[in-house]
Amino acid sequence: MGVSIQVQNLNAWFGKKQALFDITMTAQANHCTALIGPSGCGKSTFVRCINRMHETIPDAKAAGSVKIGDVDAYNGTSATQLRRRVGMVFQKPNPFPTMSVYDNVAAGLKLNGFSSNHKQMDEIVERSLKNSALWDEVKDDLKKKSGASLSGGQQQRLCIARALAVEPEVVLMDEPCSALDPISTGKIEDLIFQLKQNYTILIVTHNMQQAARVAEYTGFFLLGKLIEFDKTTKIFTTPSDKRTEDYITGRFG
Amino acid sequence: MSSALTPNQAIPIKSAEMPNVGLRRMITDHVMTGLSVFAMLLVLAPLVAIFGYLVYKGIGSISWDFLTQTPKPVGEIGGGMANAIEGSAVILGLASLLGVPVGIGAGVYLAEYGRGGYLGSVVRFVSDVLNGVPSIVIGIVAYSLVVLKQKHFSALAGGVALAIMMIPTITRTTEEMLLLVPTQIREAAYGLGVSQWRTTLSITLRTALPGVITGVMLAFARVAGETAPLLFTAFGNQFWNFNLNQPTAALPLQIFAYAISPFDEWHKQAWAGALVLIVMIVVAVSAVRLAVSRGNLGGAH
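Protein chains in written order, with the working numbering: chain A, 1 to 253; chain B, 1 to 301.
Incorrect hints may appear among the rest.
Below are the SDA-like pairs computed for lysine to any residue, each with C-alpha atoms no more than 25 angstroms apart in a straight line [stated by the list, open to error]:
| id | chain 1 | residue 1 | chain 2 | residue 2 |
| --- | --- | --- | --- | --- |
| 1 | A | 110 | B | 206 |
| 2 | A | 110 | B | 148 |
| 3 | A | 143 | B | 181 |
No lab work stands behind these hints: they were computed from the structure. Please read these numbers as outputs of a predicted model, since none were measured by experiment.
Take these sequences, add in the hints, and give me the full structure.
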């Protein structure tokens, strides 16, 4: 089951430059929350602070409170432990190029030292690929085909399967469809609807129609600040902030 | 090409010049292709010539005896370089055993941990300098480090000298190859909760492996023919030796000794030794490449 993401007074820096200013928001459990805003506004940085990916960049740091359910992300848990609970799907599909489809899905468990017999692993791989709606397309040569030989849309669904295999509670998606064609995008959006039953989803998108289609809640970022956070319908029909209105009506950004 | 435009509408002045431009481009294209083919042949020619001449001069002296017997004293006909072939294999194996892990480890440090750090740039600089140090100097270093301590020449000393020569090449190619692996691949592993060392070992290094192997093979092929650093480390030996702590024969040493001798029979054997050395390198490099490509999956890249 998914758990909520509670963020309080989150600040983030790249060296001396501050990228996020006092972000406070909560993403409801088993819902999809979208983050929109112009390029460079801090959406991706915000998402990367949630699974502590931000700190892998030299000189980058973050301060504030992030809670995944009851777990304090920045206190009493290691980044690697945290990331097993918080799956991430990236902008560009990034399957491990040297691994087969099967090994890509199994990678998270294998590399984390989770030992299981073949039958268990087979089940986990099959379930993850079914949950990411890729099973039927790859089941015939799971172990023979490289993950990198799939099409872009399939690769992205493979990356989702890979993230699901470690059974996270939350899935972060950083512009998962920006490198995909409309048909693949549609498949991923359908998938998000199904995934909501079991996971909490936080999605960054440049596509406002996409936010409106998949998310119950939407946050609007501008220059490192969370300008407005509300129900998606409210944001797209009657935003309370002038800047949100300007952005969604296309007056800038 | 816009089909909506008639030829007259489509930038009329340019269209009149089009045939000439096309011809010029075609000629330029052919000239450049020709030049690059010529350059390729220029590189290939000495290689083919050397190998051809080696075969021509050496094949006659290669026999079962040559591959299985030790050298005979002057005046006796026959004898071979079996002990030198064995010695070379041992010294090169030892050098690889010492040099490859250190070189790859240093390369991993430079690419994954020491990027932009002070220690990283020092290691990078030192390794580039080491790459330019004459091999005879490295021989002297191994002489004072190992031979003087042991008080005698040994295969071990030869292995150490060649390992020192392999390290900078392997370090720098490993670093370059790891840096070519996209950050997104590393992040994918981090995102699954995989620790940094495990990511480096199982994902980054695995992805860069073909390039890293190329670096290792370059270094191996380069030191396989080195004579100078072996002169006062492995020293050479006329007899079989399987003890790492004893002076050992090596093909380059044997070739050197026979080539400067005044005897025709020995000159022929030197040619044969050189041919065997080259074939050994080719076989070793191909075997490693084959072993690596076995692991690759269909459809990758």
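These are the hints, each one checked on the structure:
Between residue 110(A) and residue 206(B) the CA atoms are separated by roughly 15 angstroms; this keeps the pair inside 25 angstroms, and the hint holds. This hinted pair does not check out: residue 110(A) and residue 148(B) have alpha carbons roughly 49 angstroms apart, beyond 25 angstroms. Under the criterion of a C-alpha separation no larger than 25 angstroms, the hint pairing residue 143(A) with residue 181(B) is consistent with the structure, at around 23 angstroms.
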